[in-house]
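Trainee: Starting from the known structure of chain E, fit chains L and V onto it as the hints suggest.
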Amino acid sequence: MRKRIIIRTALVAALILIGIFLYVIGKEHKVVIDNRDISVGDIIYNASTTYVVWVDNQEIGVIKKGERKIAKVAGVSHKIVVEEIKDNVLTGERYEKRFKLKTNESAMVNIPALINNANEWIDKTK
Amino acid sequence: MMKKIENIIENFGLPRIIIFLFLVLLFILTPFVGVRFDTSINDVIVRFGMNGILVLSLVPMVKSGCGLNFGLQLGIIAGLLGAVISIEMETIGFAGFFTAVGIAIFFAVVFGFLYSLLLNKVKGDEMVVATYVGFSSVSFMCIMWLMLPFKSPNMIWAYGGSGLRTTINIKGYWFHVLTDFLKIKIGNYIFFPTGTILFFALLTFLVWAFFKTKIGAAMIVVGSNTNYAKSCGINVEKMRSISVILSTVIAAIGIIVYQEGFGFIQLYTAPLFMAFPAVAALLLGGATVGKASIKNVIIGVFLFQSILTMTPSVVSNIIKSDMSETIRIILSNGMIVYALTRITRVRT
Amino acid sequence: MRKQSLTKTMNPGVLFLINYAVPIIFIILIAFAIPLSGLSGIYFIRELMIRLSRNSFLILALLIPVMAGMGMNFSIVLGAMAGEIGLIFITDWQIIGISGMLLAILISTPIAVLLGYFAGIVLNRAKGREMVTGFMLAFFMNGIYQLFVLFGMGNIIPISNSSILLPRGYGIRNTINLLGIRQVLDNLIPLKIGDILTPVATFLVIATLCVFITWFRKTKLGQDMRTVGQDNEVARVSGINVERIRVLSIVISTVLACYGQILFLQNIGTMNTYQSHEQVGVFAIAALLVGGASVAKANIPNVFIGVILFHTMFVVAPRAGKALMGQAQLGEYFRVFVSYGVIAFSLALYAWRKRVEKENERKKIMNYKKSILVK
Chain E
1 MRKRIIIRTA LVAALILIGI FLYVIGKEHK VVIDNRDISV GDIIYNASTT YVVWVDNQEI
61 GVIKKGERKI AKVAGVSHKI VVEEIKDNVL TGERYEKRFK LKTNESAMVN IPALINNANE
121 WIDKTK
Chain L
1 MMKKIENIIE NFGLPRIIIF LFLVLLFILT PFVGVRFDTS INDVIVRFGM NGILVLSLVP
61 MVKSGCGLNF GLQLGIIAGL LGAVISIEME TIGFAGFFTA VGIAIFFAVV FGFLYSLLLN
121 KVKGDEMVVA TYVGFSSVSF MCIMWLMLPF KSPNMIWAYG GSGLRTTINI KGYWFHVLTD
181 FLKIKIGNYI FFPTGTILFF ALLTFLVWAF FKTKIGAAMI VVGSNTNYAK SCGINVEKMR
241 SISVILSTVI AAIGIIVYQE GFGFIQLYTA PLFMAFPAVA ALLLGGATVG KASIKNVIIG
301 VFLFQSILTM TPSVVSNIIK SDMSETIRII LSNGMIVYAL TRITRVRT
Chain V
1 MRKQSLTKTM NPGVLFLINY AVPIIFIILI AFAIPLSGLS GIYFIRELMI RLSRNSFLIL
61 ALLIPVMAGM GMNFSIVLGA MAGEIGLIFI TDWQIIGISG MLLAILISTP IAVLLGYFAG
121 IVLNRAKGRE MVTGFMLAFF MNGIYQLFVL FGMGNIIPIS NSSILLPRGY GIRNTINLLG
181 IRQVLDNLIP LKIGDILTPV ATFLVIATLC VFITWFRKTK LGQDMRTVGQ DNEVARVSGI
241 NVERIRVLSI VISTVLACYG QILFLQNIGT MNTYQSHEQV GVFAIAALLV GGASVAKANI
301 PNVFIGVILF HTMFVVAPRA GKALMGQAQL GEYFRVFVSY GVIAFSLALY AWRKRVEKEN
361 ERKKIMNYKK SILVK
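Residue numbers (this note's numbering), protein chains in the order written: chain E, 1 to 126; chain L, 1 to 348; chain V, 1 to 375.
Same shape as in the complex, but just chain E (with noise of 0.2 Å):
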């Protein structure tokens, strides 16, 4: 008796884990993705060419400068690669920045700093 209260408990609270798994990997968020000026401190970023974003391996599509797209992305781990366009031509340069959101965040990247390494490239809101 004993042992089957004990064996089902076990199981309730391993399912009760895989539900959390489950929703951690799989919560949605959102990433805004802007191609624009940033001022940071002192410094300001200038967007000055179009580039195409993929984000985790999916294409989010063409921004130009000035531009803002919105991608879904869900889980915890996530992989942004930007690459730059010029005259509808892939030129080469290729930036790529790697990103962790906890379960309730969102995040709003701005390229020109993701393209400088500034710090501030990316910017989480619960």
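A few of these clues could be false.
Claimed, not checked - Dumping the calculated DSS-like pairs for lysine-lysine here, alpha-carbon to alpha-carbon at most 27 Å:
1. Lys212/L to Lys230/L
2. Lys358/V to Lys291/L
3. Lys363/V to Lys238/L
4. Lys238/L to Lys358/V
5. Lys121/L to Lys354/V
6. Lys230/L to Lys358/V
7. Lys220/V to Lys3/E
8. Lys238/L to Lys354/V
9. Lys121/L to Lys363/V
10. Lys364/V to Lys230/L
11. Lys354/V to Lys230/L
12. Lys121/L to Lys127/V
Said to hold, decoys possible - From the derived model, a few chain V residues whose C-beta atoms are all more than 10 Å from chain E:
13. Pro35
14. Arg51
15. Pro167
16. Arg168
17. Gln183
18. Asn360
Source of the hints: derived by calculation from the structure; they are not laboratory data. Predicted model, so just to flag it, every value in this text is computed and none were measured. For each residue, glycine too, the CB sits at the ideal point set by N, CA and C.
Mentor: Frame of chain E, contents of chains L and V only:
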């Protein structure tokens, strides 16, 4: 003392008592929530007249052992045909009403007879077959309403469409002929729909008288014990058929009375679920799958319609939202489920 | 009494016709309607494949109660409701992808078990009238579901995602977009046959269920269930807890229906909060009956034949109606009519046959008794 109370509860069934007490509570609450008590009572009486006959129609079939008539829709369709044809013939007033009734009865006898043939083949499983026969016939009529050659501009789709409209307004034909007949006005807001109530009383009396005749008595015997009936020399199948035809005819009349009070003829999918409130009302009044009496009809319709009228107005004023539809669903279907789970003796 | 001679006919041809009356009539109907509708073969195949992947799981859920003698079980509607509640929650929490679907399954399973248990107990108290009671129970639970979803959610049950709430602040909207999990199982293993994207993973899941059901039949529990289905008294005498088995069969069926509905909705991608589950019962049962099943006997081939036949009619009817009468609406009504009609006909046929067999049994016993007396 406790034993006596327990007995009463057992006899009436706990849910029924709960509903009755709930109703009393609602009535008490009316003045406090801004709902007029007198108009509520008036509503209940009017709706009683409108719905009573439909519930009455269930009684013959229960008495003869055919169970609850979930195939009520067949009688309703007969009534709808009568109503629609009477409007096609442009008859108004009482003439219109009785023409509708007459034609409806004709169809009801035909439908009822065919229906009884089917039911006699499936003794013991009538209810479940009846439900689906009822549904299929309503769906079938949906096709028919579209195709039958009706011409009255009041009824067909505007702009040269063919086929009947979903709801047909009978204002100007025989709307409220019964309700207004010998209407008694009490004060400014209430009127007593003498005509409807008289008609209901008339039909109730006819049904009651019928069961006092030889055929009626035979029917009851068939319902309580088939074998005993057979040994008495009663033709069981014939009795059941008569009860089915009777039920269908009364239902046909019932829907016409309902429309007369409501003001509209509702075609297409409206009749699909009409059997359920009627069955629920009957059960609420104390009937079971094997037993039903006129007393059950009267109590049941009164309780059921009261709840339906009072709950929305009172609850909406308290909770400030419209729960009436949901409550209606829970109540009427819950009643039926409850009745179905009460153990009745096995019939042979 | 003349009708008895029909079942006494040993002529296997006639027996076959009677046993499979429903699917045969259906095939004839369809044979007429297909050319009328003017639809192409490729369209059919694609439609049928989608519908097979979408509906089969739900209909498979119906098999277990039939095994236990509970007839055509409407409690799958309860399972569908449980699944929908799970989906509402994951939409609220914005969980997407396969994790979303799995989480929905995780959440709705206990709800389905609870509802199934309740349904099982109610049905046990209505022995002999399971089908009607199940039918009414489904309607009743619909009211409770509405209470929960239309009034409770947003109020007592916290919903943070306001896009799925009604403008008044509480209560879920009529339609919920399931974009997050749309076709997430279907596309899990992408396979393109020619032009058509095949939902491989879904079919694998369905196949697993078929294997499970076949295996289940052979287990002790399955055998017990079949005994209960055959004859309650015999089962009871053998020491089987009849009530428990019946409840168990309903619980299993409800849980399977819950998953089936999630599978179904995941394919469609949108959920009609208050309508999606209403027709589930009727269409699933009609499809099963069309596949040749009866109230007492249903197997896996019935399911698939039924889906193919029934859904072909579904696809074909509106077009045929339009071609025949000039109104597509006619085809719609015809679909509903056929669904209900099939059930009515099957039930009537079954009830009639059951009665006739009982009469035959009685006559046999009486004759036997008579022969003893004569001796």
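Trainee: If a hint holds in the structure, say so; if it does not, say that too.
Mentor: Comparing the hints with the structure gives:
no.: 1; hint: Lys212/L to Lys230/L; in the structure: 20 Å, holds
no.: 2; hint: Lys358/V to Lys291/L; in the structure: 26 Å, holds
no.: 3; hint: Lys363/V to Lys238/L; in the structure: 23 Å, holds
no.: 4; hint: Lys238/L to Lys358/V; in the structure: 21 Å, holds
no.: 5; hint: Lys121/L to Lys354/V; in the structure: 10 Å, holds
no.: 6; hint: Lys230/L to Lys358/V; in the structure: 18 Å, holds
no.: 7; hint: Lys220/V to Lys3/E; in the structure: 23 Å, holds
no.: 8; hint: Lys238/L to Lys354/V; in the structure: 21 Å, holds
no.: 9; hint: Lys121/L to Lys363/V; in the structure: 18 Å, holds
no.: 10; hint: Lys364/V to Lys230/L; in the structure: 20 Å, holds
no.: 11; hint: Lys354/V to Lys230/L; in the structure: 21 Å, holds
no.: 12; hint: Lys121/L to Lys127/V; in the structure: 21 Å, holds
no.: 13; hint: Pro35; in the structure: 45 Å, holds
no.: 14; hint: Arg51; in the structure: 28 Å, holds
no.: 15; hint: Pro167; in the structure: 23 Å, holds
no.: 16; hint: Arg168; in the structure: 26 Å, holds
no.: 17; hint: Gln183; in the structure: 16 Å, holds
no.: 18; hint: Asn360; in the structure: 49 Å, holds
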